[in-house]
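Going by the numbering used here, the letters in the sequence shown line up with residues -8 to 105, in that order.
None of these hints come from the bench; they were simulated from the model.
You may find that some hints are simply not true.
Label pairs and their in silico Cβ distance ranges [what the hints assert, rightly or not]:
| no. | residue 1 | residue 2 | range |
| --- | --- | --- | --- |
| 1 | T92 | H17 | 22 to 32 Å |
| 2 | T92 | G(-6) | 24 to 34 Å |
| 3 | L93 | E50 | 35 to 45 Å |
| 4 | P4 | D64 | 23 to 33 Å |
| 5 | T92 | E62 | 38 to 48 Å |
It should be emphasised that the depicted structure is a prediction, and the values quoted were computed from it without experimental measurement.
Built from N, CA and C at the ideal position, the CB exists for glycine as well.
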Amino acid sequence: MNGSPYDRLRFLPPLPYFDMLTLLSHSQAILTDSGGIQKEAYVLSVPCFTLREETEWHETVATRWNTLVKEKDLPLLPQLVKERKKPTKHPSLFGEGDAATLIVETLKREFSRS
């Protein structure tokens, strides 16, 4: 590969939510400044590079699924992405996806006592 380190990047206009999720889930890595996309990347098990000075999702950085890239480090971004290894562990930071079921079970149990 003799071209720019950015040859494989795709810049897209805003997309409908499910189209965006499809693209994210098939990505090798995600570069974003969006807090929501950081979390989506984690849930989809796709490494993320957050192009900001800070993040609200510290746990995704602690598990090494998210790399915070500050402005001063932007020149290193192509190298960081190229050398990035996908973590082997993916703890369930945001639940198991069964919150609605647990809520319904709790409501049934509580209202059946009345």
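Practice task
Would you pick out the hints that fail for this structure and give their numbers low to high?
Solution key: 2, 3
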